[in-house]
Amino acid sequence: MSSDRLSEQGEKIKFIYKGIEMSGIVVSHDSRQFNIKLSSGYNISVPNDSIEITESERIQVSHQHSSPSHDQDAEVEIIATGGTIASRVDYITGAVTPVFDPGILGENIPNINSFRYDVKIMDPILSENMTPEIWQNIGNMVKESQMVGRSTIILHGTDTMAYTASALAFMFRSLHRPVILVGSQRSSDRPSTDAFLNLEAALEFSRINIGEVGICMHSSISDTSVSLLRGVRTRKMHSSRRDAFRSPSVPPMASYVNGSSSVNPDTTPCSTDSLDFKPSLEKKVSLVYFHPMMEPEDFSALSEGKKIVVIAGTGMGHVSSKLFEPLKELSKEGTRFMMTTQCLGGRVDLDVYSTGRRLTELGVIPLGDMFPETALVKAMHVAANYPEEKFRETMISNMRGEILSREVEF
Amino acid sequence: MVDADEEPPKEINRNALKKAIATSIYLNCITMKNVQFMRKIVVDGSNTSGFQRTAIIGIGGKIDTREGPVRISAICLEEDSCRKIEQDANIVEYSLDRLGIPLMEISTEPDIISPQHAREVAENIGSPLIAAGWLRKGADSIRQDVNFSMGYGRVEIKGVQKLSDIEQCLKYEMERQQGLGKISAFMRKTGIPEITLIESGDIFFETASNVLKRSMKAGNSIYISRLKGCAGILKNKDLRLGKELSDIVKAFGGGGLMHSDELPAFGIDDEISNIREKLGCADNDAFLIVTLKPESKNLIENELNSRIAKVYNMDLSETRYLNADGSTSFLRPLPGGARMYPETDVPILDIVTMMEEAERIKPAPLEEVISETSSRYGISQQDSETIIRKGLLNDFLSVNELIGNGSLSARLILHIIPESSKASGREIQVGDVLHLLQVSAMDGLDRDGLEYAMKLHFIDNFSPEKAWDGVKKSFISARDLSSLIERAANNPEITEKNLIPRLRAMTEKKFNPAVAMEMFRKLRNPY
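First to last, the sequence lines map onto chains A and B. Going by our numbering, the first residue of the first sequence is number 1, and it counts up by one from there. Going by our numbering, the first residue of the second sequence is number 1, and it counts up by one from there.
Next up, chain B with everything else stripped away, as it sits in the complex (with noise of 0.2 Å):
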């Protein structure tokens, strides 16, 4: 009832609030003496209510780096929204699972100065309050909106999950916008291209092209613009008008875009003459070729020419998306003030009696986190500082809840993981690991079983138990290696020197040769 605004929404969460306030005094915010709960329209469909709650925490505080201080903003205490699973032309399918949880906000001031900066920043930012157990485990549960300007109007990058995304995308987003300005220069010369949409008419009639017919079969019409003067922008090295363009028929629900700087392609070849004859183009024209819905034609031909506008004028703001390639894509504009209310709803809560409670629970800074999950996981102060310098702190406490092994686990994710991506040429989730430990009926797994699971698991493509079945033939489980050496121990015969030769005389199956000798000292000078 609350996710569908037909009842009122429940008292505030306490809980989510005392950490947000701690998260204030942490980064030396002023803390405010009231929250006071917003409502923020978001009409894309990722709030089922169509608006999300958002408030106020903290303002003007402030985090050290090596490159000297960096300002925050604000830090708002907020409701999470939907996360988007699929995207069709006109369907965007969203999962509810994320919807409402509390969500925690912090903004910095611009004063981060370079790619590495922006990542450092998120690092001493997000790992104190992984490690406070703050945040659920999941790959999206900490992201990172990045911002970027280098003087042309403010980018808002949504959906940075990774610290290593921050500065690939930046560095995307900074060539993109070079490239453009390049454009833009090109055009003040040329002139703005204007786009009219015509219909192709019969030119595609016998189209050898599959991605065409399976448009057409979708519903779509193909309809062919001239760029005038554009040839050669669309695409061609950093230059990638093309790219800008298509990603507008996307956002906006058309088919999909090809252009003349990318054909011949796709199938299509023998029509080009043809389109440019039809569309009366000279050799440094450019063409498009655009599949739409004809009840979406006007839209999207109004929002192709502002998007050109926009690249001629380089007034770029706007909220876009990191794709999975490290790209970005346009979202939608930028959102204003305007589109703020305050929740009614919601009586205005004083907070000045929380302090102290929020001051007892406040996150350790960073090198005390680090030296804290050092000695807390028994793994080394190097191997604890990769983990948490690298974002990788969660996924190394959902593996250690599984295994219970800090030093096994901290290797899964410095080694075993990363030796396995490059082994099976594919980049393994830690999610999927995971999957893979949760069927896991090995008790006192160990390293070796662990390496030959996951390469049946990812190598050999075996699912899951079927892996473990394998390690399970392969090698001796914890609990008879224990009472093999128990065996060898009370033996007189056997001595440090014949143990292991004797040991592979008593199992076919696989053990660790150090670990059989720890067990067998121990048992033999337990003192």
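Looking at chain A on its own, in the form it has when it is part of the complex (with noise of 0.2 Å):
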């Protein structure tokens, strides 16, 4: 016989499976079967139908969803949009805490109560659900923190951090505070866990002088270095790994090691100048990464009805002579296009081979090294925001550091 009554989930229960006495919380119950936690700490799986609930008792648990701490005062603000930094789930009683719940946080952070800090928490967001509007929205606080003079954590799930950090570097001209985007590639509840340091790191960067978004992870996979990479210049390169975050060519704005921050000197301090928040952003964008199976309808597929399409070519920036036809079609009803390439280092050159030469005249925009995503998000930026005589222009030069001059080293 199956209890009368459904168990909920956070009930401690006793129970008889098969004949055998046992007892456990409940974690998660649906029209199948009840996930439970035995006292002995094992989760186990059995079927509705086979087991009897003999005694069940409602246990207290403190849903901490601790008034996020509001600080007049505060130096930073925290803004939390979701990802595997910004929740802690309770086993127990599945219920999902927010990882800067005061409690976890000064048990694991230990520069925290050095901080005076402000806390705004979105609804959680998976990264890969990121819209331009979460941006635009990400952005609007960011300018608020900024009119107060305050720094900004973002946390921020990693798939999609770049594009994010892209997003808000190109919507102000200059920044009064640092803007950090922080992330963990491993769940607070794993001893390998990157959360707590890399947030810790934040923390010690939001007080330096850079007025740029930032991206802080690890550097290594010990838990001991963590670095600030310049947000348009930054890569997931890896996705698992805790150091997968590189910024190549371009070294880190600053390091966080054994406990103390530097900073590279090469980067643009913060500024007392108006912000110029910009917030607009061009949505009819694609970004097609070419490859040699791509065939002309494929490409015009992914191309037709919109302004503008980055193209991730090969090499030093191309794509098929199939594609020369509908390119030049499209760009007759106004899109434009413009090349960067899939390598991971390395710049694209238009003029080297004839193919290049044949974009060219078809009015394709060769973006230097900037990545393609950063690429994509600018010229999102710049379609919405300048006049359509400036949009060359501004595409190919260097706003917020995404084109480096010369590649240092790979």
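Any given hint might turn out to be false.
[As the list claims (entries may be wrong)] Partial chain A-side listing against chain B, Cβ under 10 Å, derived:
#: 1; residue: 35
#: 2; residue: 38
#: 3; residue: 42
#: 4; residue: 46
#: 5; residue: 124
#: 6; residue: 127
#: 7; residue: 129
#: 8; residue: 241
#: 9; residue: 405
[Claimed, not checked] Cβ pair distances, simulated, as ranges:
#: 10; chain 1: A; residue 1: 277; chain 2: B; residue 2: 334; range: 54 to 62 Å
#: 11; chain 1: A; residue 1: 302; chain 2: B; residue 2: 84; range: 55 to 63 Å
#: 12; chain 1: B; residue 1: 178; chain 2: A; residue 2: 240; range: 31 to 39 Å
#: 13; chain 1: A; residue 1: 240; chain 2: B; residue 2: 427; range: 40 to 48 Å
#: 14; chain 1: A; residue 1: 277; chain 2: B; residue 2: 3; range: 44 to 52 Å
#: 15; chain 1: A; residue 1: 116; chain 2: B; residue 2: 145; range: 46 to 54 Å
[Said to hold, decoys possible] A short list of chain B residues far from chain A (calculated; beta carbon distances all over 10 Å):
#: 16; residue: 84
#: 17; residue: 231
#: 18; residue: 268
#: 19; residue: 282
#: 20; residue: 400
#: 21; residue: 462
Since the hints were derived computationally from the structure, they do not count as laboratory data. All residues carry an ideal CB built from backbone N, CA and C; glycine is no exception.
Reassemble the complex: the two chains are provided individually, in unrelated frames, and hints are given to aid placement.
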């Protein structure tokens, strides 16, 4: 016999499963089975019709949606957008608690008490579900904290962190205080978590004199060093390692090693100029990754109706000559094509090979060594905020460090 | 990458899972319909990721023993942890060679009534698994975590590898707890002493104690403390509070601990009166000398006082480990359920479909294993039973794999090794013998040659290579012996009666007369 009433998540139960008496806490329960955390700590899943609940008791769960700390005189604004870093699952009750619950922070981040911070919590968003509208929301929050002289730390999922960082970088012509995106590759319940050290470093970086948007993540797989990387030059280079984020050819803007931070002088200092916040973004854009199987109709399908198409071409910026025709047609209809490279290093050059020269004739704009992702976001910003005739010039000029005048090393 | 927790784990090892399910069936457990892996947080360094993956496969089983059925609480499939190689004050060295190997944890309910019974249960559970060939060869492929309770809290003893150690360590633990019970009663009368570590100042400036000199050279400072009213309970017959405290100092990275019940010794003599004076010790007070790094003074002082409180309250629950001398030492507090997290990287796996397959490979019961081993390897039923009951099956199989001779393997395991151990005055490990056998260049190795090689290696300290050279020099090889006997058999002058003296005349090397005779008879009377 199954229980008369449904036991709820977080309820402490005694039950009989196939003649064996056990006790535990209901972690989850659906129409098919119970997931129960036994008193030994093990979780088991048992079909509904094979357990008999003999006793159940609701336990007091402190749902620690503890009022995020608000501090009028905060020096740092922490904006939690979601992602691995922003949440911590209480596996006993299944409740999700914010990772910046003061108790957890105090226990795990040694420097937290020397900072005055204010916390804003957004509905948790997985990195892959980020949209330009959310970038704009975040942009507005950053603007507000900049206006009152606060640095901003943004807790963000790692997958599309570099896009958000680029969007914020282009939205502000200058920054009064650092804007830091911080994430984690490993959730905070694992001993290998990078969440706490990344956050500790982000707090340190929030006081340095860098008026740029940076990404703050581990620089090695040991829990000892964190880098602040320039948002527009940063890529997630590994799907799982803690030191996944790199900015090839550009040294970190700042480093935090064994508890002390150092700043790279080759960065833009905080500014007192007007922020010149421009949140508008053009959304009719596309990023097309060329490959040898790409047919003209594939290319057209991905580019039609778009104002701007960033192509990730092969090598120095090439696509098959089969695509010249649709490229020409779509250009006539007003679509602008720009070229970046699929290579992880180096720049495009449309003068070296005949294909490149042909693409130039067709009006394709070469974007130097700008990353395809950065180029896409920059194009969204430029198209929405600059006059048509300035588009090309603005795209190929260096606005926020996204284009390198020379490559130092790879 | 997976071992550093830098990428998600790969798919579960189906073969290991199948064996775990089969074990669950074999031990009459209720096998789970789903397998859900957990991450058990382990931060002593034995897991590079800081956790161990583990899942319940079956629950609620039982196994029959001479003392009645013993209930099996659970069978878990886990990833094994690293093996500890060396431990220094602040550094533990681990070997990674065992990390991640599938491990089955089989736990019993508290139905075991005596140390002998514990051993029987371990035999009954383990031997069929060894016989099924599921265990890797090696001394630590079966380990027992022995749980013990006599009313003072649960003590889990780790590192019990040999079945023969179970009885010994339970006996030790029982005596230890009885002794501590007396100490607790004593302290209840005299009051709970407090340890306050103070710097020893100039007391040891010119000490003759090498132990202390070495410890100071290693960067330790010497602290002393009075233990009010504790003279005679630190080390006095079964009263051993000193060892309790000394274990704590070692476990928390200190250099070491000495106490008044064991002094004068270790080159400490003249200092004793100075210590007593400095601490204001009365005659019935004891004192401690503790060497440690100044930065760990507060930690160790706190831990020492907690230990005294633990003894005073007789709540002895903790995890301990078995030392080589059969005693046990403090390892860490007992883990709680709080350190378990669901392994979110591994989906919950439906194993109902694997039941049938697992049923087919289910291990045979112990009695069948005994007769099966006897017939498969051509050894007597009695030898087979002894090997299995003594937990020597894995050793036997390892040896047999190398020499391909069941009766000789049995003889080696049951007689030659114990006898050689006795003769050489040290306990010879099967691992050492395997090493000797690996370099054997003998074809047709026989008992005499093997015994001689054992003597040369373990008693005369010849290297394995040299030992076999010695055997070759003294013993005729099987091939040479058979050609010699062929010649003899073709010689009509040679009969069974004069065979052995004639053979002795033909070679200076030793041979086994019984073997020679048998070969001769076979050649003469092939039918």
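Original post:
Hints broken by the structure, by number, lowest first?
Top reply: 5, 6, 7, 9 and 12
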